Every structure is written in structure tokens, then in C-alpha cells.
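Using the sequences and the hints given, assemble the complete structure.
If you read the protein sequences in the order shown, they are chains A and B.
Numbering that gives the first Met the number 0 numbers the first residue of the first sequence as 0 and each following residue consecutively.
Numbering that gives the first Met the number 0 numbers the first residue of the second sequence as 0 and each following residue consecutively.
Just so you know, these hints were derived from the structure itself, not from any lab.
All values reported here derive from a predicted model rather than from experimental measurement.
Glycine included, every Cβ here is placed at the ideal spot set by N, Cα and C.
Treat the hints with care, since some could be wrong.
[Stated by the list, open to error] Restraint-style ranges between C-beta atoms, simulated for each label pair:
hint, chain 1, residue 1, chain 2, residue 2, range
1, A, Val32, B, Pro216, 30 to 36 Å
2, A, Ser72, B, Glu121, 49 to 55 Å
3, B, Arg249, A, Arg148, 42 to 48 Å
[Stated by the list, open to error] List of simulated lysine to aspartate or glutamate pairs, EDC-like, C-alpha gap at most 16 Å:
hint, chain 1, residue 1, chain 2, residue 2
4, A, Lys247, A, Asp83
5, A, Lys173, A, Glu134
6, A, Lys255, B, Asp117
7, A, Lys247, B, Glu182
8, A, Lys173, A, Asp96
9, B, Lys152, B, Glu102
10, A, Lys46, B, Glu137
11, A, Lys125, A, Asp115
12, A, Lys255, A, Asp75
13, B, Lys127, B, Asp117
14, A, Lys255, B, Glu137
15, B, Lys152, B, Asp98
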Amino acid sequence: MQLHGLLDAIPLGALFVATLAVALLSFEGGFWVGRRSSPLPDQQQEKVVSRVVGGILGLLAFMVAFTFGVAASHFDARRQALLDEVNAIRTAYLRADLLQDPHRSEIRNLLRDYVDVRLEGRRSGKIEEAIKRSEELQDQLWSQAVAARENASNSAFIGNFIQSLNEVINLHSKRVTAGLEVRIPTFIWLVIYAITMLAAASIGYHAGLIRSRRIPVVPALILAFSVVILLIVDLDRPLGGYLEVDQKAMTDLRNKMNAQTR
Amino acid sequence: MIMQLNGMLDALPLWALFVATLVVALLSFEGGFWVGRRRGRRSEQEQEIVVRGLVGGMLGLEAFMLAFTFGAAAAHFDTRRQALLDEANAIRTAYLRADLLPEPHRAEIRGLLREYVDVRLEGIRSGKIEQAIARSEELHNQLWLQATASREKVSTPAFAVQFIQSLNDIITLHTRRVTAGLEFRIPNIIWIVLYAITALAAASIGYHSGLTGRNRPLVALGIILAFSAVIYLIVDLDRPGQGFLQVSQRALVDLQRNMSATNP
Chain A
0 MQLHGLLDAI PLGALFVATL AVALLSFEGG FWVGRRSSPL PDQQQEKVVS RVVGGILGLL
60 AFMVAFTFGV AASHFDARRQ ALLDEVNAIR TAYLRADLLQ DPHRSEIRNL LRDYVDVRLE
120 GRRSGKIEEA IKRSEELQDQ LWSQAVAARE NASNSAFIGN FIQSLNEVIN LHSKRVTAGL
180 EVRIPTFIWL VIYAITMLAA ASIGYHAGLI RSRRIPVVPA LILAFSVVIL LIVDLDRPLG
240 GYLEVDQKAM TDLRNKMNAQ TR
Chain B
0 MIMQLNGMLD ALPLWALFVA TLVVALLSFE GGFWVGRRRG RRSEQEQEIV VRGLVGGMLG
60 LEAFMLAFTF GAAAAHFDTR RQALLDEANA IRTAYLRADL LPEPHRAEIR GLLREYVDVR
120 LEGIRSGKIE QAIARSEELH NQLWLQATAS REKVSTPAFA VQFIQSLNDI ITLHTRRVTA
180 GLEFRIPNII WIVLYAITAL AAASIGYHSG LTGRNRPLVA LGIILAFSAV IYLIVDLDRP
240 GQGFLQVSQR ALVDLQRNMS ATNP
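In C-alpha cells, the structure reads:
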């Protein structure tokens, strides 16, 4: 299903309010039904209802926590991909030193541009553009590497450089995939929201059965689950929100590169 | 809208954090207890059975969230441990491969690598991390200069390439260790959510006990202590260079000993 864009278009604050609203409406719906049902005949039946509500809540807690775990590991994967990319670019930059001029300085300039494009794409949010530009730069780097082969004194150094260039190109696709495609599938979101609604409705039903609306634990519970769902959405979204992968390693790399050209 | 990503809790020492967590949880419990007592008096005790289920759900959420965050922190700890081990191996490999280079570069490089290990160990021992990072990066540059200079005199370029590969590994692992140590942390926003859920869970337990009686059950204190202890453990795992849980530097110390043994 291609609903990512749909969910991503909603700002985090609005999503939080929507989650709260969905849960509260489900609670009210359940309450309405419970209120109209005749009271349970005995204590035994009430225990059954209580157990069932507990079970649904347990299921919801499990689902939400597992999804949190998955989203947190995706976040770590994005962090790791950035770090690997920085290392690969740095290695390629150093190894370019072993090539002959003019290829040496050409390649180093291209790599500096590459880092700028990566950082700028992140800063401006124009990801598609940055990806396109990165791939152009990769092509240019590759032609430089191939051209350097012809007037190289030593094929071993070229081989060495080409290895690290391949690494840079691979890590580009890894970062793009980790950032844009390794996400919580929309279907899982649908299920989580469905269980949230069912859980809130059964709590409401139970409260309706005993005709007691003012239970302060209910808003506390709804708040807790909504906050966790918000956190998962934030972890899962590569751009926007409070939580973003820190680009410090890449910025450091650019500073080092600039220091070395001077 | 990006906040400072990590390190919100770093200002507090570990024991103070444990006490603060306990205080937050106990105050929330008391607040809930107070509300519950007043409700209980107004004969709304029939809601007790509803509340019982809800408190169970709340505790379930709290337990799972803590457990998953613990898992993430433990994984970060393992990453730091693995990075150290990889670094020791990379340095050893470079030290061995330097043997393939001609003098004087061979001796120069070996001297620089020995100093590198000393700098790494000293940085951790003294806690002056920034200084050790700066010195390490200077040493990287010097090593690189030696490697490129040796290339001109080497009889077989394959040997120089071999050495350069292992030198690149050392530099890569330096970045990995620095990032794993200083940046792979539990983000602040997760801490905020964890504390919010802990407070809500403690308040719900408090409400439930207030609703059912006038005494605070001892198990409530037990569960609050248990949650605070787990939070303490997560913080300890998450904090490099502090607390009971620290990455053992043994691999590097062994390497240091080996290096001085081969070069008396």
C-alpha cells in the first residue's frame, strides 16, 4: 500500500490530537453502548468483562512496544548508514591522494561537492534533488577513476581507490533505502489504530456497564498510549519532527576536507 | 524544531538520577492516591474493577517500553565494545603490515602506532576525550604522510596498498568509536516519554490504592523501586565513561604490551 505520503503529510501535533480524539470517541461510543445494556447479573460476569478488557490492553501494549522497538532500530540503522557513508567518503578522499594529478585534485573536488550536496539536501529537505545530483557526481567520479587508470604509474593504487569509490556508491543506496523505504508499513499502522479503538471502546463499555464515567485512570491511559504512538511516528519519520539523525559526523568530515586542501 | 538530541540527563550523576526517578514516581503515586481517596469516600467503589484492568494495561505498557529501551541501550553498549575490539585488531594488522615497508618509514610508522595506542588508552583513563581525539587525528595525518612517502620507495606497490588499507581501517574505526561513544545514545525525546509514562503509571497505581483503602500497599513501593532500578540500568548502559558499566579496554592494553614486547 502506498499510504506513507498520506500519513507523512499530517504534522506531528495534529497526529497526536487525532490519536487522542480517536481514542476518546471510541471510549464514548463504548460507554454509550454499555450504558444502554442491562447491568450484568452477577459479579462473575463482571470479572469476565474485566479480564477481556485487560487482554485487549495487553495486546495493545505488546503491539505498540514491538512497533516502538522496530522503529527505534530503524532509527539506529539510519544513524549507522550515515556513519558508514562518512567513513567511506573519507577513505576515498584519502586514497585519491595516491592518484596522479589532474585526477587527484579533480576527484577530491568532486568528493567535496558530494559532501556538500548530501548536507544541503538534508538541510533544505529537497531529498529527490540531492539524490539526483549525488548520482551525477558518482558518475563523474567513476569516469575520473577510469581515466586515471590510463596514466597511472601503478594499477594497485587505482584498484585501491576504486574499491573505496564502490563503497561510497553502495552506501548511497543504503542510506536512501534506510531513509525513505525502511519504514513501519501502513498496514501495521492501520492495525495499531484499530486495536487502540477497540481497547478504548471496551474500556468505555465496561465503564458504561457500571455507569461510572469519572475514572481519571482512563484519560491517563489514553494519554500514555497516544504519547508512545507519537514517539513511534517521530522515530519512523526520517524528516520532520523532534527526532532526526544528527549530521555531525558529515559536518566534521567537511571541515576536515577543507582543512586538508588549504 | 530539533532539540538537542542526546544527553539531557547527563548533568545529573547516576545516584542523583536514581533518587530523582524515585521522587518523581513517589510524588505521582501520592497524587493519584490523594485523588483516589477522595473518590473512594464518595462511594464510587464499583469502578474499582474497571480501574484494576486499566492499571494492568498501564503497567504492561510501562514494562514493555522500559524493556525495549533497555534492549536498545544494551545494543549500543555492545557496539561500543565491538568498536574497541575492531580497533585493536586494525592497529595490530597495521603494525604487522608496516613490516613490509622499507626503512625509515617502517620504524617511523611503528613508533607512531605505539603512540597512537598510548593516546587512546590515556584518553579513556584520564577522561580528556576531546584532547585524545585531537591528538589521534594528528597521528592519523602523520601516519598517512609516512604511508604516501613510503610508496615512492617501495619495491612492490602491493605491500604499500596493504598497509594503506589497514591504515584506512584505523581511521574508520576511530570515527566509529567516537560516534558510538558520543552519539549513539538514547534520544532525549524517548527519555521524556519514558518519564511521562512512569509518572502516569505510578499515579494510576496510587489512584487504585486510594480507591480501595486508606493504606499504601508495600508492593506499590516495590514496583516503583523496580522501575527506577531498570531506568538506572538503562542510563548506566547509555552513558559512556561513567557508572558501573564500562567497556573494558583490555584488548588495547594487551596490544600495547605486545607492541612493546616486539620492540624492546
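Hint by hint, here is what the structure shows:
1. At about 34 Å, the CB distance of Val32(A) to Pro216(B) agrees with the hint of 30 to 36 Å.
2. Look at Ser72(A) against Glu121(B): about 35 Å separates their beta carbons, and that is not inside 49 to 55 Å.
3. Take Arg249(B) and Arg148(A): their Cβ atoms lie about 45 Å apart, and the range 42 to 48 Å holds.
4. Under the criterion of a C-alpha separation no larger than 16 Å, the hint pairing Lys247(A) with Asp83(A) is consistent with the structure, at around 13 Å.
5. Between Lys173(A) and Glu134(A), the direct Cα distance comes to roughly 13 Å. Compliance with the 16 Å bound is thereby established for this hinted pair.
6. Among the hinted pairs, Lys255(A) with Asp117(B) is inconsistent with the structure: their alpha-carbon atoms are about 23 Å apart, more than 16 Å.
7. Distance hint between Lys247(A) and Glu182(B) is fulfilled; the C-alpha atoms sit about 9 Å from each other, no more than 16 Å.
8. Taken as a hint, the Lys173(A) and Asp96(A) pair is broken in the structure, with Cα atoms around 26 Å apart against an allowance of 16 Å.
9. At most 16 Å may separate the alpha-carbon atoms for a hinted pair to count; Lys152(B) and Glu102(B) meet this at roughly 9 Å.
10. For the hint linking Lys46(A) to Glu137(B), the alpha-carbon distance of about 70 Å lies beyond 16 Å, and the restraint is violated.
11. Restraint check for Lys125(A) and Asp115(A): satisfied, since their Cα atoms lie roughly 13 Å apart, inside the 16 Å limit.
12. Our distance criterion of 16 Å between C-alpha atoms is broken by Lys255(A) and Asp75(A), whose separation comes to about 25 Å.
13. Only pairs whose Cα atoms come within 16 Å are accepted, and Lys127(B) paired with Asp117(B) is accepted, the gap being roughly 13 Å.
14. Note on Lys255(A) and Glu137(B): the hinted pairing holds, with a Cα-Cα distance of about 11 Å set against a maximum of 16 Å.
15. In summary, the hint linking Lys152(B) to Asp98(B) is supported, as the alpha carbons are separated by about 14 Å, within the 16 Å threshold.
Of the numbered hints listed earlier, those contradicted by the structure are 2, 6, 8, 10 and 12.
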